[in-house]
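Asker: These are the residues of each chain, in order.
2 protein chains.
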Amino acid sequence: MEHDTGPSRIPTDSELTAQQAKWSAYGATRSTVNEQPLDKDELDKLTRFFHATLYLCLGMLYLKENPLLREPLKKEHLKPRLLGHWGSDAGQSFTYIHFSRMVKKYDLDAFVVSGPGHGAPGLISNFYLEGVYSEVYPNKSEDVEGLQRFFKQFSFPGGVGSHMTPETPGSIHEGGELGYSISHAFGAVFDHPKTIALTIVGDGEAETGPLATSWHSNKFLNPITDGAVLPVLHLNGYKINNPTILARIDEEELIKLMEGYGWKPYVVAGSDLQEMHQAMAGTVERCVQEILHYQKEARESGKVFRPKWPMIILRSPKGWTAPRKVEGHYLEGFFRAHQVPLPKVHNDEEQFKMLEKWMRSYEPEKLFNEEGRLIDELKALPPKGIKRMSANPITNGGSIRKPLKLEDFRKWAIKVDKPGTTEAPSMANYADFMVRTLLVKDIMKNNPDSFRLFGPDETESNKLSAVYEVTKKVWMNGYLPEDEDGGNLATQGRVMEMLSEHTCEGWLEGYTLSGRHGLLNSYEPFIHIIDSMVNQHAKWIEKCLEVSWRESVSSLNILLTSTVWRQDHNGFTHQDPGFLDVVANKSPEVVRIYLPPDGNCLLSVMDHCFRSTNYVNTIVADKQLHIQYLNMEDAVAHCTKGMGIWPWASNDQGAEPDLVMAAAGDVVTQEALAATALLRQMLPELKIRFVNVVDLFKLMPNKYHPHGSTAEEYAALFTNNKPVIFNFHSYPWLVHRLTYKREGQHLMHVRGYKEKGNIDTPLELAIRNEADRFSLAIIAIDSLKSVLGNKGAGAREKLVEDRISSMNYAYETGLDPEEFTGWKWPF
Amino acid sequence: MEHDTGPSRIPTDSELTAQQAKWSAYGATRSTVNEQPLDKDELDKLTRFFHATLYLCLGMLYLKENPLLREPLKKEHLKPRLLGHWGSDAGQSFTYIHFSRMVKKYDLDAFVVSGPGHGAPGLISNFYLEGVYSEVYPNKSEDVEGLQRFFKQFSFPGGVGSHMTPETPGSIHEGGELGYSISHAFGAVFDHPKTIALTIVGDGEAETGPLATSWHSNKFLNPITDGAVLPVLHLNGYKINNPTILARIDEEELIKLMEGYGWKPYVVAGSDLQEMHQAMAGTVERCVQEILHYQKEARESGKVFRPKWPMIILRSPKGWTAPRKVEGHYLEGFFRAHQVPLPKVHNDEEQFKMLEKWMRSYEPEKLFNEEGRLIDELKALPPKGIKRMSANPITNGGSIRKPLKLEDFRKWAIKVDKPGTTEAPSMANYADFMVRTLLVKDIMKNNPDSFRLFGPDETESNKLSAVYEVTKKVWMNGYLPEDEDGGNLATQGRVMEMLSEHTCEGWLEGYTLSGRHGLLNSYEPFIHIIDSMVNQHAKWIEKCLEVSWRESVSSLNILLTSTVWRQDHNGFTHQDPGFLDVVANKSPEVVRIYLPPDGNCLLSVMDHCFRSTNYVNTIVADKQLHIQYLNMEDAVAHCTKGMGIWPWASNDQGAEPDLVMAAAGDVVTQEALAATALLRQMLPELKIRFVNVVDLFKLMPNKYHPHGSTAEEYAALFTNNKPVIFNFHSYPWLVHRLTYKREGQHLMHVRGYKEKGNIDTPLELAIRNEADRFSLAIIAIDSLKSVLGNKGAGAREKLVEDRISSMNYAYETGLDPEEFTGWKWPF
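Top line first, the protein sequences correspond to chains D and F.
Residue numbering for the first sequence follows UniProt numbering, starting at 1 and increasing by one per position.
Residue numbering for the second sequence follows UniProt numbering, starting at 1 and increasing by one per position.
The reader is advised that the hints may include incorrect statements.
Since the list can't tell identical chains apart, any single copy or any two copies may satisfy a pair.
[As the list claims (entries may be wrong)] Think about it this way: if two alpha-carbon atoms lie no more than 30 Å apart in a straight line, the pair counts; the simulated DSBU-like pairs of lysine-lysine are:
1) K798 with K703
2) K703 with K785
3) K756 with K741
4) K472 with K402
5) K754 with K741
6) K344 with K472
Calculated from the structure, these hints are not laboratory results.
Please construct the entire structure, taking both the sequences and the accompanying hints into account.
Answerer: Written out as structure tokens, the structure is:
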């Protein structure tokens, strides 16, 4: 119980209570490991190297000229707008330097993930001093001119952002949106047994939900076949404008929290640089030794266990090494140090002088040689070549990526003699079929260490459990007798399930960005949980396309199943197909949406997605039984075109149609076909053309999307003067949005999901949304008044009746009528 | 270190290791509190009441007739489709019954939050037996017929879903999407000092990110002015198809984890019902006593502190009381018990018999009287009236909601003598102005215990810090000397900041659903983090509109600031205005989007939002300096209409315009005005009409949205035959989507954000997106070719040049040209 938390009892600076001394980075240095591993010479070199990085951080924030202060600082040397963050720079640089020392000493294979994000200068400065930045960007050379360009480009129009953006060598984690550092790090070390991900976690970031649960990733890491993650929880103390929770709870609580998450925490806390160097040097070495020890034990014995992996709690002042106070207000050690520490340098003489004095206090003239390059003595400190963390090839994952080994999926073709009638159960359940064939028989078998399947506890519920025939779910925790009874768990599995969409997605992103392949499966409605992550990943890829040295990585493949139209008891909360709208906002260069109508199309689409790179592929495919339409040859042709006429369902051959019936999506395609059949049976004189769309962006004009179609191509399918009834899987207006520029769009009637669902049988849900066969046929008749005159009245009346009686049947029995569940294409 | 986790070392049932015994609910009952508070009679009654609830759970899953098994069970009594969940029913009912006992004994004011969601029958059965369900739904009466209807409606078309849906009395938390139980519970008890939220947390749910960080909510709860939350972490052991993490880590780890989160955990673990009753009875009583003790201590002393509030770890078998094995496979205690436990009852005689035997084992004939009502002896157990947790008025928050006390916002009017020229800084920064006036001077002052402001560490960054003039940020943790230097922290604050959008949103939802008011402010891009939560809240409200007894609750108000157009150094990751697309997918009855162009409009919009109920209001207003356009009278008129012509910016008076220039959003309105001014200066003969849209849904046809406009109203502004240049705050296609049905829409050119951002000055970012003044003027000229002929060529050339030179200026200097930053309306 803390009784001393009321504001009335806040002590002055000199009166810190014992409690407060533990929250504050000031006061005596504290460290779990008490060793003095550094001799005076090494200590001195580390300090000077550290100072060089901090000097560069300030240069990035403030200077556009006079980069080494070889002349007195003048106002015109300053950038006119000061942008960027200082707050966590020192702590991150400090951590990086110490781990680099270990990389060299133990010949490690490591890279860094910067969770705080807004402290990018702390790491970028290191990458420059290691030489990697100049190797990648020769005009940011290691001399005065290069340094000046390096400074100016930072947070400047046409330059680079203040995060670890895709332009930054060594980065696979931007950190613009917070919360994913640990899941990205784990994703990158799965199946990379030699790699250690040094992962700096911000104490602001640590308050996010995604980060808070991602600590549990350690339960899914196999010490034999995977690498290791060394988290450094950086207790800077403050966020933008608030103290952080983890920096202000009792340290005992914090240690328990980390132990509770299954880690072994080591504390390094203080502000005295010399003492902190000794403490950090001893601590990182202990951590590295423990990691190597556990790996050796597991690998030599062949026995898998879950070690209590080490992690570091680093408590250092926010804005460390800045002036403690400016104009009587706290700077270092307070949230004022978060962003640009001296914001008034342009107009305030005192701040201007303070900046110059501060920068000179790092003694740049002793750190850089005549040419403007770091002096050789310090240049010798970091590791060399690809051992430099910023040059680790996995951080340019495309450079080590090998294409998936895929066999010809055509051998798994579903035999379809007559479209719309094939229904052999194991065939017709096409999610299951896909996984049995493409995933299990080919991918999992042929790519045993470069493909994983991710899902939030839904792989089986999504009917993908056939995958367990070849691999199990990773589980590094305890086992109970019940698990043997169909639990499908193993320490070496390639299916990863945790009830956190955030963690699954983060793992997958880390896994693909570091050069491998994967697939995330999710209930359709809950994919919205990671809207923001997918947005950020798409932005990462978009930017990578502009970065010439970034090699292409595998696409992020998202399979949405358990879709809106068949949620049964799950009801209204589980009905939201709007993820497609979120995806469609991203760059056309990056996003793809596929709605395969049947099993052969799904196989063709998945094969394409698995071969593709640098996309976010969203595939929507319901998990339930479906009628099959196309044989493999037709399916491949159809998917390759992306959309097309289904002649077998059309009766406008050789003539202009009266009506186009179209659909994109599986359940809605069946309803649109059933509507077509009803119309043809009731009004045989009508000429109806049936169009199916697999690749949604085909609807867009080719000017706006690389998959878009020309006006001629579009009109060849949809006409530009006939009514189009379009049954769409998702919210209907997405189709309008994609086609609003098309000639004849005012004749297009789109049906889809509107917020009118509930617990429903599939047909009844469609009826509520007017996306059912009867409604489609009715609207078709209504839109054909000029053609049909009064001829459609009888048919219309019958359709209205059938519609009502279907609904009533569902309300009474809880079932769809058999005409629906057993429906087949009747011609 | 756990060396016994390999699958080869899984023991048989009888060989549970000591370790495993702690993961398993079987074996000896374990409890932190070892007391035997129940006498034989009470034990017996609790058991029978518990059995009655479990009988009802099975009835909901299986039966449509013969509800009390007064005749032998026949196949036709069964529901044809079996939907619903059994897994956590028993544990949830058990918890509820025991806490009800405490409510009665200590005369508590409590309600329940059901986190696992899919175990709704466990609680709904209690609500029925308490009589509340029948009071709310008289045809679900407490007799045989009512019970039959109660059973049939569950998970049935036209009935209620399998979660704690809005139709469920006593529920403010549906639990369809997992992760928000704790944040909702805290939201509901803030400023409700007498209330205790019994919060059952599923161990599946506990793996989600939002839940994992929401445990930290205890750092924001004031024991004097707020109520309490008693979490019961229900270790069922399994999710849908996997063990849960928290049920399989060492119990020592789990206890540390909870202690690390700042709670005091009490364990209750076992499967023997009699022992479990004693353990749970003793434990809940201890917890209640501790809660009351801490509250008394704080309230009597007036000293605020953060107690280590109690919480319960309840480990009971999944599907508790079901058969342990069916057909040789584990059912109880395994994931097979998650959903319908005997899925084959329709066709499998053995399962059919087993079901009847199982249901009869609860002895319904002894629990219900002739009429079909729970026998009086058991009926006497729960508390009475509104003390029943399902009848707590806060769970129908609208019933206790009082409108915010709002003064007339017109008194805070910004004086605007001449539109587009007023720029007094404190006035022009309208986010700051809004908060200084409406929020601080009125709302915070007049509503000291029913309004809170929520934000993820961004209230100050979003320039809303004037609020600290009247209230501070809640902080129940330690204080350091630095905090006195502008930290704005207090134990009794009304601003709630945690770097978790999920937690902030969850708190706000709980706060409004329990009858109060609030506002969430967020950076625009990161609101996508809670897309899914907002979706679910909108669905909750949508459904509430159909539930007659649910009184209206305050709208969920979301203020998006730090918007896409002014992200400075934050760059590409911080540029995403697509939340509006997500919102626009929800029911027109529920969602509203406002884009006030200036300060007086913002005041008017906010006043409206704060008075409104049952909406999700999204308000987009940039935090930076802005030119003011409308005096208060005009602003109110403009906002009331929702969109309108700005005559002072138009020169088509009395004539048909050649062109309509339109805008929705603040930054883009300024650019559209500047484009209008450029055109009028360069081509004075052009007749331009300027239209501003505040209420986005005004664009829709009135048939599709209650705020929509008729064809005539729309055409009166936009014409139906003239080019419209529309500058939009967000992705441009949203405007197309809202207007695709409008006559003349093919003449509409929309500009907005496309994924082309970076680190930019505001104008340069607009230029990249062709949403800048020059681009708008150029496209206007291009679309007026038929009117202008060659007359526009010179102007066009000049505009192209100016556009390029503005971009170059930004690249060179990092600034926008002064003509831009100092721009005013020139006429």
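Asker: Against which earlier hints does the structure fall short, listed by number upward?
Answerer: none
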